[in-house]
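J.: Chains as they are written, first to last, in numbering that gives the first Met the number 0: chain A, 0 to 316; chain B, 0 to 289.
Please note: incorrect hints may appear among the correct ones.
[Claimed, not checked] Using 25 Å as the maximum straight-line C-alpha spacing, the simulated BS3-like pairs for lysine-lysine come out as follows: (1) B:K207 to B:K196; (2) A:K2 to B:K154; (3) A:K2 to B:K114; (4) B:K276 to B:K114; (5) B:K161 to A:K67; (6) B:K276 to B:K101; (7) B:K114 to B:K101; (8) A:K174 to A:K67; (9) B:K8 to B:K114.
[What the hints assert, rightly or not] Estimated spans, in silico, between C-beta atoms of each pair: (10) B:T250 to A:W72: 58 to 66 Å; (11) A:F60 to B:E281: 48 to 56 Å; (12) B:R39 to A:I221: 28 to 36 Å; (13) A:G240 to B:T58: 32 to 40 Å; (14) A:P151 to B:A268: 16 to 24 Å.
It is worth saying that the hints were derived from the structure and are not from the lab.
Quick caveat: nothing in here was measured; it's all calculated off a predicted structure.
Beta carbons: idealized from backbone N, C-alpha and C, even for Gly.
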Amino acid sequence: MNKSLTNIAISLGVVLGFFALVMFVLGAGEAQEGALFNFSVDQATVGLRFLFVVIGLLIAFAVYYVTKENSAWEVGTRQVVWMAIGAALYAVFSWLFNGTVFVVPSVSQVAIRPAVAIPMFFGYAFGPVVGFFTGAVGNMFGDALTGFGLSPQWSIGNGLIGFIAGCWMLFKDRKQSMNTVLYVSGGLVVLTALLYFLNRNQPNMLFFDPDNNIFGDAAISIFAGLSIVVGFILILAVRFGFASNENVATAVMWGMLGNILGLGFAAISDIWINGYTLAVAVVGEFLPAAGPNLIFAAILVPLLVGAYASVQRQSGR
Amino acid sequence: MLVAWKYRKRRSIIQWFDPRAWLTFYGCFFMSILGFWDFRFLMFFFAITMIVLFNSGVTWKEMRRAFLFIIVFVFFFSILTFLTGRGGSEVYTVEHTIRDFKASFSIFGWTPTLKITVERAFYAVSQFVRIGSIAIMTILIPYSLNPALYGITFKGLGLNDKFAYAMDLTMRFIPTFGRDFQLTVDAQRARGYELEKLSGGLIEQVRKMGPIFVPVTIHAIIGSEDIIDAMDLRAFGVGPRTWIDVLMRDTKDRILIGFGVAIFIISLALGFMGYGKFWVPEVLLKLAGG
Numbered sequence: 000m001n002k003s004l005t006n007i008a009i010s011l012g013v014v015l016g017f018f019a020l021v022m023f024v025l026g027a028g029e030a031q032e033g034a035l036f037n038f039s040v041d042q043a044t045v046g047l048r049f050l051f052v053v054i055g056l057l058i059a060f061a062v063y064y065v066t067k068e069n070s071a072w073e074v075g076t077r078q079v080v081w082m083a084i085g086a087a088l089y090a091v092f093s094w095l096f097n098g099t100v101f102v103v104p105s106v107s108q109v110a111i112r113p114a115v116a117i118p119m120f121f122g123y124a125f126g127p128v129v130g131f132f133t134g135a136v137g138n139m140f141g142d143a144l145t146g147f148g149l150s151p152q153w154s155i156g157n158g159l160i161g162f163i164a165g166c167w168m169l170f171k172d173r174k175q176s177m178n179t180v181l182y183v184s185g186g187l188v189v190l191t192a193l194l195y196f197l198n199r200n201q202p203n204m205l206f207f208d209p210d211n212n213i214f215g216d217a218a219i220s221i222f223a224g225l226s227i228v229v230g231f232i233l234i235l236a237v238r239f240g241f242a243s244n245e246n247v248a249t250a251v252m253w254g255m256l257g258n259i260l261g262l263g264f265a266a267i268s269d270i271w272i273n274g275y276t277l278a279v280a281v282v283g284e285f286l287p288a289a290g291p292n293l294i295f296a297a298i299l300v301p302l303l304v305g306a307y308a309s310v311q312r313q314s315g316r
Numbered sequence: 000m001l002v003a004w005k006y007r008k009r010r011s012i013i014q015w016f017d018p019r020a021w022l023t024f025y026g027c028f029f030m031s032i033l034g035f036w037d038f039r040f041l042m043f044f045f046a047i048t049m050i051v052l053f054n055s056g057v058t059w060k061e062m063r064r065a066f067l068f069i070i071v072f073v074f075f076f077s078i079l080t081f082l083t084g085r086g087g088s089e090v091y092t093v094e095h096t097i098r099d100f101k102a103s104f105s106i107f108g109w110t111p112t113l114k115i116t117v118e119r120a121f122y123a124v125s126q127f128v129r130i131g132s133i134a135i136m137t138i139l140i141p142y143s144l145n146p147a148l149y150g151i152t153f154k155g156l157g158l159n160d161k162f163a164y165a166m167d168l169t170m171r172f173i174p175t176f177g178r179d180f181q182l183t184v185d186a187q188r189a190r191g192y193e194l195e196k197l198s199g200g201l202i203e204q205v206r207k208m209g210p211i212f213v214p215v216t217i218h219a220i221i222g223s224e225d226i227i228d229a230m231d232l233r234a235f236g237v238g239p240r241t242w243i244d245v246l247m248r249d250t251k252d253r254i255l256i257g258f259g260v261a262i263f264i265i266s267l268a269l270g271f272m273g274y275g276k277f278w279v280p281e282v283l284l285k286l287a288g289g
């Protein structure tokens, strides 16, 4: 077994050990009244739940093993510099457009935060490792610059945006991969939109309205709630409008999947971290973040892909 | 330049320690404070923050701008929470009213009212202390850590050479891209573009960000070729990397790490036992008739 394969196997083993500790040791206890952390796990089904953790890790290992020869996983000088540039750009843009430096007015509860196009573009252009670093480290520095403090699960979620955006490199047939992405994303969009209609009075946890002095407690507007559908339609328009330009279509499609899965991961993890219900996590957190991001992706990512293609043509690299 | 790391060598408690030890302590401090809303526990963290701040060697003149931003930001959010009562609903459910102010006039049928409750007031204070402590501890780092040591510090924290160097470059690029952004904004302003006055619907507004967003990003990518060439010429990544600076960890660093880890473990234990939740002094509740 080579060194990197051993390292991956050890890392996954550590993760499995951590889950075992949480589920079988901490999870066996009753939740304390008023305790900040609740790790209690229904012990009747804990074996089955743990089996799913094992299956998930095996899938992750299998994906790595099958694609380990793929150049997408290479980290050389270029990737190191691109990682740093992506993360620094994402941090600077996140800081500037988080509503404290440049206050760009919101449109129907949708704040204009275009920075998310950076991990999507860097993931698409330079691979999943660069994308992950750009999203995760960029988000961490962006939060630190603002003084918000860090939210590790949202940093990982942002990292996943870039990571998944770069996963198109693992597929031989781009068109087929885009069709798969389309079906998966479409299914998730319909599911979350349905959750919105069932929970229309949920507060928008991410929205700050300076005019009305409301932070995190205004009921989600219909536009914010359905922005994921609007974004999905825009992405489809770009996908088929640029049918002849596979680069743009690939970038927006995989960026969309990364956005949905990455922010979905972060929002769902708040069920355990912040004690939210599924409705609050999905309708209150996921939709107001992921929906607008799709709109930004549909507009800004094609601009970046086009400009980068020109640079590549000029430089020959 | 929007962001500048104003590091210099100074008599500082932060620089007295090994950067790895300080970052480990900072990580423990940060993860620990997140577990508390109880003002009494938060004051412990605030006391640490004040000790660090007043022994950081960073002068008021140096950090005035950053500090004013933090103060205005934290104060604004705390006051906002106090006035609206929003945001604290996750940590308290019952409110004890101290006083209700009602305006003698109405605007389109709406009468402005201000309800002062013990919980709102204390939540605002707790929020101020909590966010203020995190922000101050964070903002001191770029003033105190030598940029030349970023790479070796992250390497010493367990990252491999490539990722440690990427973290190093990230921290160095942030001020540069901040400056590039400002230059681009200024150049576009000279042509009549106003970022603060974007008009049109959402899609139109996002599209209009292109003239700022694209040049800064593409300029950064083009500029990266020079750095890549320079690194390739020095055979970056060919073999194990050697670092010019060597960090030495001694007893005081181990004590600091131990202190940070102890705080973190105790905080976790207190959280499991149900301590650290939002707290209001009994005296105030009695004053409010609770």
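J.: Run every hint past the structure and note whether it holds.
T.: Evaluated hints:
Only pairs whose Cα atoms come within 25 Å are accepted, and B:K207 paired with B:K196 is accepted, the gap being roughly 10 Å. With a C-alpha separation of about 19 Å, the suggested pair A:K2 and B:K154 falls inside the 25 Å cut-off, and the hint holds. Restraint check for A:K2 and B:K114: the C-alpha separation of about 64 Å exceeds 25 Å, so the hint is violated. A threshold of 25 Å between alpha carbons decides the hint, and for B:K276 with B:K114 the separation of about 23 Å falls inside it, so the pair holds.
Restraint check for B:K161 and A:K67: the C-alpha separation of about 19 Å stays at or below 25 Å, so the hint holds. This hinted pair does not check out: B:K276 and B:K101 have alpha carbons roughly 32 Å apart, beyond 25 Å. For the hint pairing B:K114 with B:K101, the CA-to-CA distance comes to about 8 Å; that is within 25 Å, so the pair holds. Taking the CA atoms of A:K174 and A:K67, the gap is about 22 Å. The hint holds against a cut of 25 Å.
Restraint check for B:K8 and B:K114: not satisfied, since their Cα atoms lie roughly 50 Å apart, outside the 25 Å limit. Taken as a hint, the range 58 to 66 Å is violated for the pair B:T250 and A:W72, whose Cβ atoms sit roughly 41 Å apart. Against the hinted window of 48 to 56 Å, the Cβ-Cβ separation of A:F60 and B:E281 comes to about 55 Å, which satisfies the hint. Distance hint check: the CB atoms of B:R39 and A:I221 are about 44 Å apart, inconsistent with the given range 28 to 36 Å.
At roughly 56 Å, the beta-carbon separation of A:G240 and B:T58 lies outside the given 32 to 40 Å, and the hint is violated. In this structure, A:P151 and B:A268 meet the distance hint of 16 to 24 Å, their C-beta atoms being roughly 20 Å apart.
In terms of the numbered hints stated before, the structure departs from hints 3, 6, 9, 10, 12, 13, listed from lowest to highest.
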